[in-house]
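As they're listed, the protein sequences go chains A and B. When we follow this note's numbering, the leftmost residue of the first sequence carries the number -17, and every step to the right adds one. When we follow this note's numbering, the leftmost residue of the second sequence carries the number 6, and every step to the right adds one.
In short, the hints are calculated from the structure, not lab data. Here the structure is a predicted model, which means the values were calculated and not measured. Treat the hints loosely; a few may be bogus.
[Claimed, not checked] Okay, derived cross-link-like pairs now, DSS-like style, lysine-lysine, Cα gap no bigger than 30 angstroms in a straight line:
{"#": "1", "chain 1": "B", "residue 1": "Lys58", "chain 2": "A", "residue 2": "Lys88"}
{"#": "2", "chain 1": "B", "residue 1": "Lys27", "chain 2": "B", "residue 2": "Lys45"}
{"#": "3", "chain 1": "A", "residue 1": "Lys88", "chain 2": "B", "residue 2": "Lys43"}
{"#": "4", "chain 1": "B", "residue 1": "Lys14", "chain 2": "B", "residue 2": "Lys46"}
{"#": "5", "chain 1": "B", "residue 1": "Lys14", "chain 2": "A", "residue 2": "Lys88"}
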Amino acid sequence: DAKTTQPNSMESNEEEPVHLPCNHSTISGTDYIHWYRQLPSQGPEYVIHGLTSNVNNRMASLAIAEDRKSSTLILHRATLRDAAVYYCILRDGGSQGNLIFGKGTKLSVKP
Amino acid sequence: DTEVTQTPKHLVMGMTNKKSLKCEQHMGHRAMYWYKQKAKKPPELMFVYSYEKLSINESVPSRFSPECPNSSLLNLHLHALQPEDSALYLCASSQVSRYSNQPQHFGDGTRLSIL
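Construct the complete structure from the given sequences, taking the supplied hints into account.
This is the structure we're talking about:
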């Protein structure tokens, strides 16, 4: 699985939007971009995934660059409950493509 | 609340003990996974089961022995563990798909301490 690069940490204010970046310059054409998050004392939680087009769900939006070498996870209004480690993961679409976690971004949310 | 249930939540054992970690899901998923997570590190894949058969073993020492007795259950048998095996052990499940677009659902883990 190709590698991703994320900032170690980010800070946000409550009720403001948060943009979490991820670089994946060696992405292949069949790699899906997945985002998971892990809240303190919990297992990872699926957030969103996409291949080429931008994606929206009830938790977040995923904006994928046209060349697919980077993506951004967007939380539209951060809450205290969104404080977590966010992992950007590439999964090979040509196979079962297991999750290979990188270091992730630790998001802090200030009230 | 998670749909993947892991028991026990905490386990303390000596290096000569034998214990088992259990994982259960009732979502009809046919792929199940074990991960190991050390403190302040990301999860690392240990084993993958697909249709109750072991499909991936990421070079895990034999003191960890996985078992998938049916499509809803996944066990991890532990024997003669070392202090460095102390970690959070996470179970996950997903639908089987050839396209890697199926999310994995994680339990909250078993926190294991080896004395």
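Of the numbered hints stated previously, which ones are contradicted by the structure, given in increasing order? 1
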